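Chains as they are written, first to last, in our numbering: chain A, 272 to 602; chain B, 3 to 505.
Bear in mind the hints are in silico, worked out from the structure with no lab data behind them. It is possible that part of the hints are untrue.
[Stated by the list, open to error] FRET-style restraints, in silico, Cβ to Cβ: (1) B:R79 - A:R598: 22 to 32 angstroms; (2) A:L571 - B:T18: 43 to 53 angstroms; (3) B:G245 - A:L596: 30 to 40 angstroms; (4) A:L293 - B:L107: 38 to 48 angstroms.
[What the hints assert, rightly or not] With a cut-off of at most 16 angstroms between alpha-carbon atoms, the simulated EDC-like pairs for lysine to aspartate or glutamate come out as follows: (5) B:K344 - B:E92; (6) B:K344 - A:E364; (7) A:K579 - A:D527; (8) A:K524 - A:E422; (9) B:K344 - A:E441.
Since we're looking at a predicted model, the values are computed, not measured. We put the beta carbon where it would ideally sit given N, CA and C, even for glycine.
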Amino acid sequence: MSAAFSRDVLRWLVALRMPVILAALVVASTILTGGRFAQLDNLVNVARQISFEGLIAFGMTLVIVTGGIDLSVGSLVALCGVVGALVMRSMGESPPALAIATGLACGIAVGGAIGLSSGAIIARFAIPPFIVTLAAMLMARGFAFIACHGEPVYELPSRLMWLGRGFVGESVLGRMLPVPVLVLIVAYACFAVVLTRTVFGRQVIAVGSNEEAARLAGIAVRRTKLIVYVITGSLAGLTGVMHSAKLMAGDPKVGDMWELNVIAAVVVGGTSLFGGRGTMTGTLIGALLIGVLNNSLNLLQVEHFWQKVVLGGVILAASLIDAGLRRLDAR
Amino acid sequence: MQTSTPRIQFDAVTKTYPGVRALDAVSFDVSPGCVHAIVGENGAGKSTLMKILAGATRADAGTIRIDGRPVAISNARDAQTRGIAIVYQEFNLAPHLSVSENVFLGRWPRRKWFGLVRFAELHERTTRLFRDVGLDVPVRARVETLSVAQQQMVEIAKALSHSARVLILDEPSAVLTPGELATLFRVVREMTARGVTVLYISHRLDEIFELADSVTVLRDGRHVSTRPIREVDRRTLIREAVGRPLEEEFPARESRPGEVRLSVRDLSAPGRFAGVSFDLRAGEVVALTGMVGSGRSSVAMALFGAIGSVSGTLRAGAMRGPFRSPAEAKRAGIAFLPEDRKREGLLLARPTRENVTLAHMSDVSAAGFFIRRRERSVANALMSRLGIRGSALEEPAGALSGGNQQKAMLARWLQRPCDVIILDEPTRGVDVGAKFEIYAIINDLATRGAAVLMISSELPEVIGMADRIGVMCRGRLVGILDNAGRAVTQEAILRLAVGEAHP
Numbered sequence: 272m273s274a275a276f277s278r279d280v281l282r283w284l285v286a287l288r289m290p291v292i293l294a295a296l297v298v299a300s301t302i303l304t305g306g307r308f309a310q311l312d313n314l315v316n317v318a319r320q321i322s323f324e325g326l327i328a329f330g331m332t333l334v335i336v337t338g339g340i341d342l343s344v345g346s347l348v349a350l351c352g353v354v355g356a357l358v359m360r361s362m363g364e365s366p367p368a369l370a371i372a373t374g375l376a377c378g379i380a381v382g383g384a385i386g387l388s389s390g391a392i393i394a395r396f397a398i399p400p401f402i403v404t405l406a407a408m409l410m411a412r413g414f415a416f417i418a419c420h421g422e423p424v425y426e427l428p429s430r431l432m433w434l435g436r437g438f439v440g441e442s443v444l445g446r447m448l449p450v451p452v453l454v455l456i457v458a459y460a461c462f463a464v465v466l467t468r469t470v471f472g473r474q475v476i477a478v479g480s481n482e483e484a485a486r487l488a489g490i491a492v493r494r495t496k497l498i499v500y501v502i503t504g505s506l507a508g509l510t511g512v513m514h515s516a517k518l519m520a521g522d523p524k525v526g527d528m529w530e531l532n533v534i535a536a537v538v539v540g541g542t543s544l545f546g547g548r549g550t551m552t553g554t555l556i557g558a559l560l561i562g563v564l565n566n567s568l569n570l571l572q573v574e575h576f577w578q579k580v581v582l583g584g585v586i587l588a589a590s591l592i593d594a595g596l597r598r599l600d601a602r
Numbered sequence: 003m004q005t006s007t008p009r010i011q012f013d014a015v016t017k018t019y020p021g022v023r024a025l026d027a028v029s030f031d032v033s034p035g036c037v038h039a040i041v042g043e044n045g046a047g048k049s050t051l052m053k054i055l056a057g058a059t060r061a062d063a064g065t066i067r068i069d070g071r072p073v074a075i076s077n078a079r080d081a082q083t084r085g086i087a088i089v090y091q092e093f094n095l096a097p098h099l100s101v102s103e104n105v106f107l108g109r110w111p112r113r114k115w116f117g118l119v120r121f122a123e124l125h126e127r128t129t130r131l132f133r134d135v136g137l138d139v140p141v142r143a144r145v146e147t148l149s150v151a152q153q154q155m156v157e158i159a160k161a162l163s164h165s166a167r168v169l170i171l172d173e174p175s176a177v178l179t180p181g182e183l184a185t186l187f188r189v190v191r192e193m194t195a196r197g198v199t200v201l202y203i204s205h206r207l208d209e210i211f212e213l214a215d216s217v218t219v220l221r222d223g224r225h226v227s228t229r230p231i232r233e234v235d236r237r238t239l240i241r242e243a244v245g246r247p248l249e250e251e252f253p254a255r256e257s258r259p260g261e262v263r264l265s266v267r268d269l270s271a272p273g274r275f276a277g278v279s280f281d282l283r284a285g286e287v288v289a290l291t292g293m294v295g296s297g298r299s300s301v302a303m304a305l306f307g308a309i310g311s312v313s314g315t316l317r318a319g320a321m322r323g324p325f326r327s328p329a330e331a332k333r334a335g336i337a338f339l340p341e342d343r344k345r346e347g348l349l350l351a352r353p354t355r356e357n358v359t360l361a362h363m364s365d366v367s368a369a370g371f372f373i374r375r376r377e378r379s380v381a382n383a384l385m386s387r388l389g390i391r392g393s394a395l396e397e398p399a400g401a402l403s404g405g406n407q408q409k410a411m412l413a414r415w416l417q418r419p420c421d422v423i424i425l426d427e428p429t430r431g432v433d434v435g436a437k438f439e440i441y442a443i444i445n446d447l448a449t450r451g452a453a454v455l456m457i458s459s460e461l462p463e464v465i466g467m468a469d470r471i472g473v474m475c476r477g478r479l480v481g482i483l484d485n486a487g488r489a490v491t492q493e494a495i496l497r498l499a500v501g502e503a504h505p
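If we strip away everything but chain A, and leave its shape as in the complex, we get (with noise of 0.2 angstroms):
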């Protein structure tokens, strides 16, 4: 059956399509850049850089494959950094090691609780995801500021910066594989597992492909909702205790537009922003795809302002080739 036969071939390419324009975008960025781009110290940078905003990407991936949105991520990583720094510094006559466990469990906590209320208002009053956390993203950056009079928290206890700027087992591996990259892929793999072999995961795609159909076959439409948003709000709470770590403050003015990265890097990844459509492989490699592209416009020295020009053509471009092939494999 030739029809058959390239309907596979098809399928494969559906499939494949993602690492195959990564795969590209590598080679091209190492040609062009002279060799530049592959060297070790370089990659391991991109993946520092993408880790931040790649950890928020995954609770932003199954809240976008519920049908929803959270736009604001990008606030609770400034109000959470802050929350995480005061902790901390407050607690500077504790040891070093409670202190920055009690501020991660603050940050967290903090992120948390206002995903669970933007879950819970948008779980009970069917008032659309978009306005509730763009409500709540208006409302965290001013409690960011609030929280610390405008002014950047500083006295944080040193150790805290081998959590943003330090490397997993240095003395062994030496610098390959910093903090941040490693909460990367352990999120990663955990979030992968989560949406493709749980009862949870399940009832997320459910959820986001017929609603209507999911609560009619039992499931829980409003906890599952209620729990996304906690995730992704948690996640960006431990991201702005691990960024103001990176910064060695707590600065409320950082994360912005971040709400807007994070989405891109999980619609260009192939996640369906009509929801009950997505992966986290997909969503890690759209964040890939951007860190790279970003990298290596830094390294050829391409003017700031143009690459914002090109980031958003690439956007497009990836978000038309998904269309066209997914019409192509519809047929």
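Fit chain B to the known structure of chain A by using the hints.
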């Protein structure tokens, strides 16, 4: 009735989709001014043939002649100019616009300046059109406020406003109640009297025998027969459509009602229904029928905890309701197949396997993680029990035929033995062969001790399947007829359904 030239002649019309021969040299004639029914199982090629005639898709080979002249219909506009109109199962109406605006969509009478619409003239033209065919629909009402039956009439009026000579109705009765069906028949007869040829696609043989002048049977993309309706009977038609003899239209079942499985007392939902009381016993099939809007489906939804603010009492086994969510009703041992399987039942883009295991995922998982081998084997076992081929398991549910989709929905609830199963229009849009299989499954469920509540607007099905028949009228359960001998008449049900009689 037969005149010299046929209105439509299909001559060796052929259409191939990748891997499927949808139409294989189909040839037959349709006389002018008559109702010509087309029957066949899903996938027989009815819809493809109609789409070709309406210009929605093109034939690979063959000719179509209209009034003796060969015509090339390559798009919908071509069809329109040749006087061919089609009313699909899914309506194409703009819900926020008025009836008139919809009927003349894209052809509104305009003023000279700024293209302002002459609304008075628009409504007048619509009123005149409606009067001509005897339609009673308020022309200024917004379409979203109309009943499904009224919306269908708007679609028909829209088709007629193009001065159609051929009107294709694709499963028009699927969304109608018996009363509304009578209106549709009246309008169809009115149109044929005015010389319009109506091509009528339906799975319901009663309608065809009542309405059609002639009938064409298609099977597996081939033309089987075209005859005047007088010369065929039900059995022949079914045999030709299915390709094998069917013993009976409704499989027999020995009824042995057991203990009460579901007890409903004074169940009410404001604005939907009130004071509904009945018992449902193990091993019996009870049908609930009535006009659309009589509250049948609402009762089903309320029993399953799918609508809010329900009062009264409900007992299912040890649990008391009304249940606040479908999840709670599920725990009480109630299963529910919604009316619109595409909108309310299936995850169309997901594999059938996931659709089948959706309601009882905990059975195929441990600590929240799927055991993939167990999920596959459970889904496989259910599918083979219901006669769906195993290869369908990984196909998206949307790719299955209507009958197989319905079976997949049934499979979802058969994973665990259920005490009570509520089926809302279980055979809607399902072809004759698959219907019989679904009836057999329903009977099997009852025989194994489930209490079955079947909601249906198809009266032959109600009478052929149910042990007792509950009839609803304007939100009340106006009567429960004993149908142990399958002897209840359609008239008896209809009288109750329109509120004329008390049992």
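Each hint, compared with the structure:
1. B:R79 - A:R598: 22 to 32 angstroms: The hint (22 to 32 angstroms, Cβ to Cβ) holds, given that R79 (chain B) and R598 (chain A) are roughly 24 angstroms apart.
2. A:L571 - B:T18: 43 to 53 angstroms: Roughly 52 angstroms apart at Cβ, these two residues keep to the hinted range, so it holds.
3. B:G245 - A:L596: 30 to 40 angstroms: Holds, since G245 (chain B) and L596 (chain A) (Cβ atoms, about 39 angstroms apart) stay within the stated range.
4. A:L293 - B:L107: 38 to 48 angstroms: 46 angstroms, holds
5. B:K344 - B:E92: 12 angstroms, holds
6. B:K344 - A:E364: Judged against 16 angstroms, a Cα distance of about 62 angstroms means the pair is violated.
7. A:K579 - A:D527: Given that 16 angstroms is the threshold and the Cα spacing comes to 15 angstroms, the pair holds.
8. A:K524 - A:E422: Measuring from Cα to Cα gives roughly 10 angstroms; hence the hint holds.
9. B:K344 - A:E441: 56 angstroms, violated
Checked against the numbered hints above, the structure breaks hints 6, 9 and satisfies the rest.
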